[in-house]
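So the protein lines, in turn, are chains A and B. Under the numbering used here, the first sequence has 115 at position 115, and the numbering climbs by one with no breaks. Under the numbering used here, the second sequence has 19 at position 19, and the numbering climbs by one with no breaks.
Do not take every clue at face value.
[Said to hold, decoys possible] Some but not every residue of chain A turned toward chain B, in silico, with C-beta under 10 angstroms:
{"hint": "1", "residue": "Ala59"}
{"hint": "2", "residue": "Asp114"}
{"hint": "3", "residue": "Pro141"}
{"hint": "4", "residue": "Arg144"}
{"hint": "5", "residue": "Phe147"}
{"hint": "6", "residue": "Phe151"}
{"hint": "7", "residue": "Asn159"}
{"hint": "8", "residue": "Gln220"}
{"hint": "9", "residue": "Gln223"}
What the hints contain is simulated information worked out from the structure, not anything from laboratory work. Ideal Cβ placement from N, Cα and C applies to all residues, glycine included.
Now for the letters of each chain:
Protein chains: 2
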Amino acid sequence: MTLSPESRPPAAAVVIISGGLDSTTLVYHLRAQGSDVRMLSFDYGQRHGRELNCARQVAQDLQLCHHVVDLRAVGALLGGSALTDPGMAVPDGHYTDESMRATVVPNRNALMLDIAVAVAVTAGSDAVAFGAHGGDHMIYPDCRPEFVDAFTASALLANGGFLAAGFRVLAPFLHLTKADIVRLGSRYGVPFERTWSCYRGGARHCGRCGTCTERREAFQLAQVPDPTAYEAA
Amino acid sequence: MTLSPESRPPAAAVVIISGGLDSTTLVYHLRAQGSDVRMLSFDYGQRHGRELNCARQVAQDLQLCHHVVDLRAVGALLGGSALTDPGMAVPDGHYTDESMRATVVPNRNALMLDIAVAVAVTAGSDAVAFGAHGGDHMIYPDCRPEFVDAFTASALLANGGFLAAGFRVLAPFLHLTKADIVRLGSRYGVPFERTWSCYRGGARHCGRCGTCTERREAFQLAQVPDPTAYEAA
Numbered sequence: 001m002t003l004s005p006e007s008r009p010p011a012a013a014v015v016i017i018s019g020g021l022d023s024t025t026l027v028y029h030l031r032a033q034g035s036d037v038r039m040l041s042f043d044y045g046q047r048h049g050r051e052l053n054c055a056r057q058v059a060q061d062l063q064l065c066h067h068v069v070d071l072r073a074v075g076a077l078l079g080g081s082a083l084t085d086p087g088m089a090v091p092d093g094h095y096t097d098e099s100m101r102a103t104v105v106p107n108r109n110a111l112m113l114d115i116a117v118a119v120a121v122t123a124g125s126d127a128v129a130f131g132a133h134g135g136d137h138m139i140y141p142d143c144r145p146e147f148v149d150a151f152t153a154s155a156l157l158a159n160g161g162f163l164a165a166g167f168r169v170l171a172p173f174l175h176l177t178k179a180d181i182v183r184l185g186s187r188y189g190v191p192f193e194r195t196w197s198c199y200r201g202g203a204r205h206c207g208r209c210g211t212c213t214e215r216r217e218a219f220q221l222a223q224v225p226d227p228t229a230y231e232a233a
Numbered sequence: 001m002t003l004s005p006e007s008r009p010p011a012a013a014v015v016i017i018s019g020g021l022d023s024t025t026l027v028y029h030l031r032a033q034g035s036d037v038r039m040l041s042f043d044y045g046q047r048h049g050r051e052l053n054c055a056r057q058v059a060q061d062l063q064l065c066h067h068v069v070d071l072r073a074v075g076a077l078l079g080g081s082a083l084t085d086p087g088m089a090v091p092d093g094h095y096t097d098e099s100m101r102a103t104v105v106p107n108r109n110a111l112m113l114d115i116a117v118a119v120a121v122t123a124g125s126d127a128v129a130f131g132a133h134g135g136d137h138m139i140y141p142d143c144r145p146e147f148v149d150a151f152t153a154s155a156l157l158a159n160g161g162f163l164a165a166g167f168r169v170l171a172p173f174l175h176l177t178k179a180d181i182v183r184l185g186s187r188y189g190v191p192f193e194r195t196w197s198c199y200r201g202g203a204r205h206c207g208r209c210g211t212c213t214e215r216r217e218a219f220q221l222a223q224v225p226d227p228t229a230y231e232a233a
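Same shape as in the complex, but just chain A (with noise of 0.2 angstroms):
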């Protein structure tokens, strides 16, 4: 397990959470680093907006300043997403599989990242951060090392003279895999149990979608006991 390296953890960091396993674990881990952790939050509409929930407790259990963004607007306008549509299927399976290209929305972490960028501006925070992992990076391209670098090279550009100094964008996951999370958030003691992957959003983990697919997994290679109840056995 190699954590992206760091010379040294940011003072304060706005970083964004879904709600999901990934995103709850690096606020743990930026915390575990003294890290001052301000999180930032995405409505677009998506239909699995349980994880908001999720994330709502994160802040609650950790008594950590949070923001949801409401985003509906751009996720309306874009649609033709399984995560945004109703009228779409969220296919089963593997991520690897091409049908999953379904649930990409586009532009997304870009978007949430350019957001979390002006909050950083106006809080002064001298670095955002994203969960982004390395079982991201086959099917979503603004999950790869080069979007990162590129991304941050434009931020800068952007807001020259406006940020704090050594200003970074923070992706400390970038290298690991879910299961390495699962292992890490396991050391912090995330309560995995009140975080949300399902794409699907019913009551329970269906169990069988690329994320729950992906999420049973990283338990069983990480030898973590798996606090979920799927739908699915």
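Following the hints, complete the assembly by docking chain B onto the known chain A.
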């Protein structure tokens, strides 16, 4: 007057339009070049919300598709700019003054452009365009050529495989002065009297704030009659 060099006009462009003089002329310009134009505007709680009605009028005049995206939740989160915060005064005088930094909305262009990129993915457009011009460079870092280049590189990486072939981020006025834009708009018959610039958002243009000062001078320099009704003589 040097328009940014372009080998060919885009087949279809998502154009960010505020309802001001520059972006309205940009819509007329791309349309004159034969591009299929889709207009995108943003309500971020700007006190000069009146400009959005000007953008709506352009859409109606030219029979173009127009989306106004509600970003008030983002505007409320940021505050701290005289453009959105009713508690802050809009400063008088020239843009080059240090005091005009109060009109910076953090990371605004990157955010608007990233939403435009997402729309371009959805609509299959091969360009997004915005109306930054030479006079914006001094105070707004996200209006500079190096930002446009860095942003483009990031957008291409974030959406690899999802964007139309040959996708570009266009800022055709980047090397024009506002007077050049007035001359260009005059050739296209842009109804300048129906564009809105003033940051104060009163019933008429105040004639004194940075953008009014710039607007008045542009018409004078371009030797084009200024149809604007200003409060201050």
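Next on the checklist: Holds or violated: the hint that Phe147(A) contacts chain B, with Cβ atoms closer than 10 angstroms.
Outcome noted: Hint on Phe147(A): holds, closest Cβ of chain B at ~4 angstroms, below 10 angstroms.
Checklist entry - Would the hint on Gln220(A) stand, with a C-beta cut-off of 10 angstroms toward chain B? => result Gln220(A) check fails; min Cβ-Cβ to chain B is 31 angstroms, beyond 10 angstroms.
Item to check | Hinted contact Pro141(A) with chain B - closest CB pair below 10 angstroms | outcome: 4 angstroms, holds
Next on the checklist: Less than 10 angstroms between beta-carbons is the criterion; does Arg144(A) satisfy it with respect to chain B?
Outcome noted: 7 angstroms, holds
Checklist entry - Hey, does the Ala59(A) contact hint survive, CB to chain B under 10 angstroms? => result The hint is violated - Ala59(A) has no Cβ within 10 angstroms of chain B, the shortest such distance being about 15 angstroms.
Checklist entry - Was the hint right that Asn159(A) lines chain B, CB cutoff 10 angstroms? => result Check passed: Cβ of Asn159(A) comes within 6 angstroms of chain B, closer than 10 angstroms.
Next on the checklist: Holds or violated: the hint that Phe151(A) contacts chain B, with Cβ atoms closer than 10 angstroms.
Outcome noted: 5 angstroms, holds
Item to check | Satisfaction of the Gln223(A) interface hint, Cβ to chain B closer than 10 angstroms | outcome: 35 angstroms, violated
Checklist entry - Taking the least C-beta to C-beta distance, is Asp114(A) closer than 10 angstroms to chain B? => result For Asp114(A), the interface hint holds, since the closest Cβ of chain B sits about 4 angstroms away, which is under 10 angstroms.
Figure legend: structure checked against the earlier numbered hints; hints not met, in rising order: 1, 8, 9.
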